[in-house]
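Peer 1: So you can see what is in the structure, the chains are spelled out below.
Number of protein chains: 2
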Amino acid sequence: MPLNRLSTFATALLAVPLALPAAELPPKPTVADVVKASRASEWRVPDPDNTLYMEIGTGRVVIELAPEFAPRHAANIRAMVREGYFDGLAILRSQDNWVVQWGDPDENNPKPLKTAKAKLPGEFTVPLKSIKDFTRLPDRDGYAPQVGHANGFPAARDPKSGQAWLAHCYGMVGVGRDTAADSGNGGALYAVIGNAPRHLDRNITVVGRVIDGMPLLSVLPRGAGAMGFYEKPEQMVPIKSVRLAADVPEEQRSKLEILRSDSASFKAVAEAQRNRGGPWTKVAAGHVDLCNVPIPVRQQANAN
Amino acid sequence: MPLNRLSTFATALLAVPLALPAAELPPKPTVADVVKASRASEWRVPDPDNTLYMEIGTGRVVIELAPEFAPRHAANIRAMVREGYFDGLAILRSQDNWVVQWGDPDENNPKPLKTAKAKLPGEFTVPLKSIKDFTRLPDRDGYAPQVGHANGFPAARDPKSGQAWLAHCYGMVGVGRDTAADSGNGGALYAVIGNAPRHLDRNITVVGRVIDGMPLLSVLPRGAGAMGFYEKPEQMVPIKSVRLAADVPEEQRSKLEILRSDSASFKAVAEAQRNRGGPWTKVAAGHVDLCNVPIPVRQQANAN
Numbered sequence: 001m002p003l004n005r006l007s008t009f010a011t012a013l014l015a016v017p018l019a020l021p022a023a024e025l026p027p028k029p030t031v032a033d034v035v036k037a038s039r040a041s042e043w044r045v046p047d048p049d050n051t052l053y054m055e056i057g058t059g060r061v062v063i064e065l066a067p068e069f070a071p072r073h074a075a076n077i078r079a080m081v082r083e084g085y086f087d088g089l090a091i092l093r094s095q096d097n098w099v100v101q102w103g104d105p106d107e108n109n110p111k112p113l114k115t116a117k118a119k120l121p122g123e124f125t126v127p128l129k130s131i132k133d134f135t136r137l138p139d140r141d142g143y144a145p146q147v148g149h150a151n152g153f154p155a156a157r158d159p160k161s162g163q164a165w166l167a168h169c170y171g172m173v174g175v176g177r178d179t180a181a182d183s184g185n186g187g188a189l190y191a192v193i194g195n196a197p198r199h200l201d202r203n204i205t206v207v208g209r210v211i212d213g214m215p216l217l218s219v220l221p222r223g224a225g226a227m228g229f230y231e232k233p234e235q236m237v238p239i240k241s242v243r244l245a246a247d248v249p250e251e252q253r254s255k256l257e258i259l260r261s262d263s264a265s266f267k268a269v270a271e272a273q274r275n276r277g278g279p280w281t282k283v284a285a286g287h288v289d290l291c292n293v294p295i296p297v298r299q300q301a302n303a304n
Numbered sequence: 001m002p003l004n005r006l007s008t009f010a011t012a013l014l015a016v017p018l019a020l021p022a023a024e025l026p027p028k029p030t031v032a033d034v035v036k037a038s039r040a041s042e043w044r045v046p047d048p049d050n051t052l053y054m055e056i057g058t059g060r061v062v063i064e065l066a067p068e069f070a071p072r073h074a075a076n077i078r079a080m081v082r083e084g085y086f087d088g089l090a091i092l093r094s095q096d097n098w099v100v101q102w103g104d105p106d107e108n109n110p111k112p113l114k115t116a117k118a119k120l121p122g123e124f125t126v127p128l129k130s131i132k133d134f135t136r137l138p139d140r141d142g143y144a145p146q147v148g149h150a151n152g153f154p155a156a157r158d159p160k161s162g163q164a165w166l167a168h169c170y171g172m173v174g175v176g177r178d179t180a181a182d183s184g185n186g187g188a189l190y191a192v193i194g195n196a197p198r199h200l201d202r203n204i205t206v207v208g209r210v211i212d213g214m215p216l217l218s219v220l221p222r223g224a225g226a227m228g229f230y231e232k233p234e235q236m237v238p239i240k241s242v243r244l245a246a247d248v249p250e251e252q253r254s255k256l257e258i259l260r261s262d263s264a265s266f267k268a269v270a271e272a273q274r275n276r277g278g279p280w281t282k283v284a285a286g287h288v289d290l291c292n293v294p295i296p297v298r299q300q301a302n303a304n
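First to last, the sequence lines map onto chains W and G.
Here the first sequence stands for residues 1 to 304, numbered as in UniProt numbering.
Here the second sequence stands for residues 1 to 304, numbered as in UniProt numbering.
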């Protein structure tokens, strides 16, 4: 019977693997799905001795220091914080698609240091072999031979030069300096608020990453002066205080945890970003840029 | 005489080309230097028929449409603008390191269209051969086989598929849509305010670029709702009007000009960013990412 034959024919067709139409990608776990399915052991609590709380009028900015990549600057910033150096200083600069920067507003009458150093040699790169936990991305990068994550920080390596360094991704914190490589000390810091300025890599000491509170910095009015500096003192954003988490009573600490960059779930996060599934996504990128890999941070699962 | 001999010796030393210490790069023109030295003929004034003025409380956002890449959406947006469709709508969403988005706040009672279309097929890519003026960058890219600029817009090409598309760099403007590829019409638009989300390329219709006023969008408070949507009507940012420059009296137009992306100076701008000179820069990147190439915009040289 014609109907039967048609039916058999249709069934036979269905047995052949169908090429999906161009507009249909099969669904797959999203970044949020991967994070939700992760195991508790894949998360780490940042070391309170390497965690800074910068308190401004709108709230708290939490910065994780990366002493592996900038041991001397991390130590000097810790010393400055414990001297109360940053308390009463200000955010001085907000340049669109670039950085927000803070430090001492009074160049002519700089705030004195006690035990902290006024200048440090630049820590623009460190020996590759000193970075123990580098998890390499398979994706190629224009700025470095190898990129990946080192204990939660986006980083790059060059086996030829034997050097490794932190990458200027969104939210990374660096040390402002003058022309001389040793003219910074960590008293002037900036956070990246725009497209990753990777051409700054290896030219500046990168000391850490904002792990909470980026929107408090990224929405600050852009400064009208050269390089986004605020022109009037009243435009500057006062810094109430900067404290080490270790020096803050337990109950006042931010209860954050970060997905370990050497975990299986972190690898799955990168893959979820690299090749998104449907139905919204129509074409998977097949690539993820170092600075487009999300580094999940959440409230500690066991926090009140 | 010893003094003489020493002097001769020193002169001889100076005659030998000195290897610069690792920390010293020779100076070279900066992006600003290149722009300053450019010729008037290397600049173009954006077509008033492809230029939008979005007026919000804090000022004017200027968007250049890219009809080569999205002819139907550019035409539909032009039609909506001329219907006054956007006037009285609002910025609805501000998500950190992602996008600011605007459109109709009232999903249940949508603003009616007159001649403009409610849905359009996606213009995610266009035939490569339809893009006449592609200036390719020599730099490799992770997301596309070839990248460069087409009439001032960052773009990508794939000779294998024969397609070209606009790239999601900072300030690019795209068409919000639902799951269906044809569910957008240009009435919901977004601008990129963070690290280039290049994985959106080829998944969305990109229609243009903010050429002036990005800081008016990028500093908007982030929305507390899912995906950065504002949760309360009073948080939304009213759009006073959107007009085509062509429909605005000459004396009220923004007098902007853009460095032609097929000019020698544009190529020099990319090179100035790719390999910065000293003395501040210590290591030249040797690479520039598509979205890190500045696209210079300035007040018209002959403007009042």
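Be aware that a few hints might be false.
[Claimed, not checked] Restricting the straight-line Cα-Cα distance to at most 20 Å, the calculated cross-link-like pairs of lysine to any residue (SDA-like) are:
1) G:Lys160 to W:Val283
2) W:Lys282 to G:Asp182
3) W:Lys160 to G:Ala284
4) G:Lys282 to W:Gly142
5) W:Lys282 to G:Ala284
6) G:Lys119 to W:Trp280
[Claimed, not checked] A few chain G residues that face chain W, going by a derived Cβ cut-off under 7 Å, partial list only:
7) Arg140
8) Ala196
9) Ser254
10) Ile258
11) Asp262
[Unchecked claim] Computed footprint of chain G on chain W, listed as stretches where at least three residues anywhere in the stretch have a Cβ under 8 Å from a Cβ of chain G:
12) 131-144
13) 216-222
14) 273-281
I should point out that these hints are in silico values taken from the structure, not numbers from a laboratory.
Glycine included, each C-beta is placed from N, C-alpha and C at the ideal position.
Peer 1: Enumerate the violated hints, using their earlier numbering and listing them in ascending order.
Peer 2: 5, 9, 10 and 11
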